[in-house]
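Student: Sequence:
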Amino acid sequence: MSNSFPPVEEQLTIIRRGVEKIVPEDELAKKLQHSRDTNTPLRIKYGIDPTGIDVHLGHTVPLRKIRQFQELGHKAVIIIGNYTAMVGDPSGRDEARATRLTEEQIEANAVDYLNQIGKVIDIESAEVHRNGGWFSKMTFAEILHLCGRVTVAQLLTRDDFAKRYREEKPIYLHECLYPVMQAWDSVEIQADVELGGTEQLYSLMLARDLQAQRKLNQQIAVMSPILVGTDGRQRMGKSLGNYIGISEEPFEMIKKFMQLPDDVMRMYFELLTDIPLEEVGQILGGHPKDAKQKLGATVVDQYHEAGQGNAAVERWEAGIGS
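Position one of the sequence shown corresponds to residue 1 (the working numbering), numbered consecutively onward.
A few of these clues could be false.
[Said to hold, decoys possible] Pairwise CB distance ranges, derived in the manner of DEER restraints:
1) Arg235 - Glu279: 26 to 32 Å
2) Arg214 - Glu278: 43 to 49 Å
3) Leu173 - Arg17: 38 to 44 Å
4) Arg266 - Glu188: 24 to 30 Å
5) Arg149 - Glu249: 45 to 51 Å
6) Arg17 - Val111: 30 to 36 Å
Source of the hints: derived by calculation from the structure; they are not laboratory data. Built from N, CA and C at the ideal position, the CB exists for glycine as well.
Just need the whole structure built from these sequences, with the hints factored in.
Tutor: Structure, rendered in structure tokens:
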């Protein structure tokens, strides 16, 4: 039977680029083969809590992977965590969030976020769900039943909770629900693959357990590394001032690219561009300034009109605004 899906090895080569871990990888190959055999796209899940996001290049790492899956013929399923946002993702945090957003703030953020990620993925062909669509309908008895599928010992295997427990810092009950809620999203939308960062391994594996308990096919976790910021040390983030936003003006983006430490260039090329890795090696073998200009111009053109990247590089070369 003819279909539109490339051969499995070709798909895996694209999927593996810029990915730190696939769990379990052998099952992904089987899913891709079954997808080809049945001419059925895989359902690729990515969830985000709309807590007030200006999308920067760190956010685009999993978004670009979604786009690659879309280009391979698969279905992107975006989960807007309007209910999980009320809890707040505890991943990587050593204390609970201090404030909670209102439902109105969350919805406004969700609309803004979808507009921004439309620069990265094909939002028109994607499914978009708000997880309040199912959590708002759950009775307290159903919530208790769901919580009964997870133990406290399992929750304490999370690095963030384990760290707080050792340091005798509070772990609030509502925070413990977050990974359970995130995992249940996968059950609701019957995810085949979920994209996330390496710090989300626990939630992604919990989703597999819950799917198995419901006799559903288990999802594959595709985990991307965390993009370091322009300081070359810490995770890219607006609060740290080490970010490059996709909505920034081209010249502002280029100025930040030119300030990157040399040792992060390979990571940026691999995670943020589609330039073949052999060509990346050749680029990095030249002068660092030329490599940064090539990187910056390539990324700028992804989020602005073609040619804006080179125009911004030329302006930078002329010393305007420096």
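Student: Hint by hint, note whether the structure agrees.
Tutor: Do the hints match the structure? See the list:
no.	hint	verdict
1	Arg235 - Glu279: 26 to 32 Å	holds (28 Å)
2	Arg214 - Glu278: 43 to 49 Å	holds (44 Å)
3	Leu173 - Arg17: 38 to 44 Å	holds (40 Å)
4	Arg266 - Glu188: 24 to 30 Å	violated (38 Å)
5	Arg149 - Glu249: 45 to 51 Å	holds (49 Å)
6	Arg17 - Val111: 30 to 36 Å	holds (31 Å)
In summary, the one numbered hint that this structure violates is 4.
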